[in-house]
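**Student:** Sequence:
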Amino acid sequence: MLYIDNPVGTGISFTDDTGYAVNQDDVGRDLYSAMDGTEDDVLWEDEGEDENSEECDCEDACIYAGKYVPAIGYYIHTHNPTAKVKINFKGVAIGDGFCDPEMMLGGYAQFLYQIGLVDEKQRDYVQQQADLGVIYIQQKKWTEAFEIFNFLINGDETGIPSYSQNVTGCSNFFNMLQCQWPDDQEYFGEFLLLPEERKSIHVANLTFHDGSTVEKHLLEDVMNTIKPWTTLVSESICKLGKEATYPPFHPSIIILLPVTVLVMEEQELV
1 MLYIDNPVGT GISFTDDTGY AVNQDDVGRD LYSAMDGTED DVLWEDEGED ENSEECDCED
61 ACIYAGKYVP AIGYYIHTHN PTAKVKINFK GVAIGDGFCD PEMMLGGYAQ FLYQIGLVDE
121 KQRDYVQQQA DLGVIYIQQK KWTEAFEIFN FLINGDETGI PSYSQNVTGC SNFFNMLQCQ
181 WPDDQEYFGE FLLLPEERKS IHVANLTFHD GSTVEKHLLE DVMNTIKPWT TLVSESICKL
241 GKEATYPPFH PSIIILLPVT VLVMEEQELV
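What the sequence shown shows, in this note's numbering, is residues 1 to 270, in sequence order.
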């Protein structure tokens, strides 16, 4: 099992300001350059074993990385035919992925109303704002579209609570069953500061990054779609008898189950 901090600048990985990804082309290219063994040809090749025996299971569990998985899948799919070391692409798993913001943004108002988190007046306001966000997406005004999404649901770039948090009182948009963020979500960073853990994962005194700088560089990419790559990757691995799965995280209110199903149906994945 290989874990990679991706995009570069997250976790223990690091770069200078020119190295941050600003779109999914950058994300896919950077990760593929690490995975294909360009520098030393040792990542996938083992002496005495066929180069095609290695397998790559690319998995994602949450939200925006629903773009990172199709990005690396696309790069593997398009580069494998001519690659010196071919990666045996076994499949993808995208859980709760923000793959197609244009379709997903329009589903918030009705969903929040149906589960009782907003009233009719609030529902109509959310729908009005979401419709405006969709118009911005269609006009390729990515920053303006992100500001709508951030104001309504996300709320991590303004320094103030999102609209949904203000009207529901709940800050945990990953799990509607737990209104507030659980304390254990803060343990990970502290855990990685422990000397024995740093020694065990060979990171010495490298800084652990929270991803906020990476997010700022990718801000104009957030509301752009990666649907064509998702479709291509899914179709290509299914033709090979492999597996593409898109398990939704049911309690989430930032990536909605009904809208996830609609995206899957549109791409004939269910």
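Simulated from the structure, these hints should not be mistaken for lab results. Any given hint might turn out to be false.
[As the list claims (entries may be wrong)] Derived BS3-like pairs (lysine-lysine); straight-line CA-CA distance at most 27 angstroms: (1) K216 with K199; (2) K216 with K141; (3) K227 with K141; (4) K90 with K216; (5) K140 with K86; (6) K140 with K216; (7) K86 with K216.
**Student:** Do the alpha carbons of K216 and K141 lie within 27 angstroms of each other, as the hint requires?
**Tutor:** Roughly 16 angstroms between the alpha carbons, so the hint for K216 and K141 holds.
**Student:** Are K140 and K86 close enough, with their CA atoms no more than 27 angstroms apart?
**Tutor:** Distance ~36 angstroms between K140 and K86 Cα, so the pair is violated.
**Student:** For the pair we were handed, K86 and K216, check the Cα-Cα distance against 27 angstroms.
**Tutor:** Roughly 33 angstroms separates the two Cα atoms, so the pair is violated.
**Student:** Under the criterion that the straight-line Cα-Cα distance not exceed 27 angstroms, is the pair K227, K141 satisfied?
**Tutor:** holds, 18 angstroms
**Student:** K216 and K199 were given as a pair; does the straight-line alpha-carbon distance stay at or below 27 angstroms?
**Tutor:** The given pair, whose Cα atoms are some 30 angstroms apart, is violated under the 27 angstroms limit.
**Student:** Given the hinted pair K90 and K216, is their alpha-carbon gap at most 27 angstroms?
**Tutor:** Violated. K90 to K216 sits at ~32 angstroms, over the 27 angstroms cutoff.
**Student:** Keeping to a limit of 27 angstroms between CA atoms, is the pair of K140 and K216 held or broken?
**Tutor:** holds, 18 angstroms
Violated hints, in rising order: 1, 4, 5, 7; the structure is consistent with all others.
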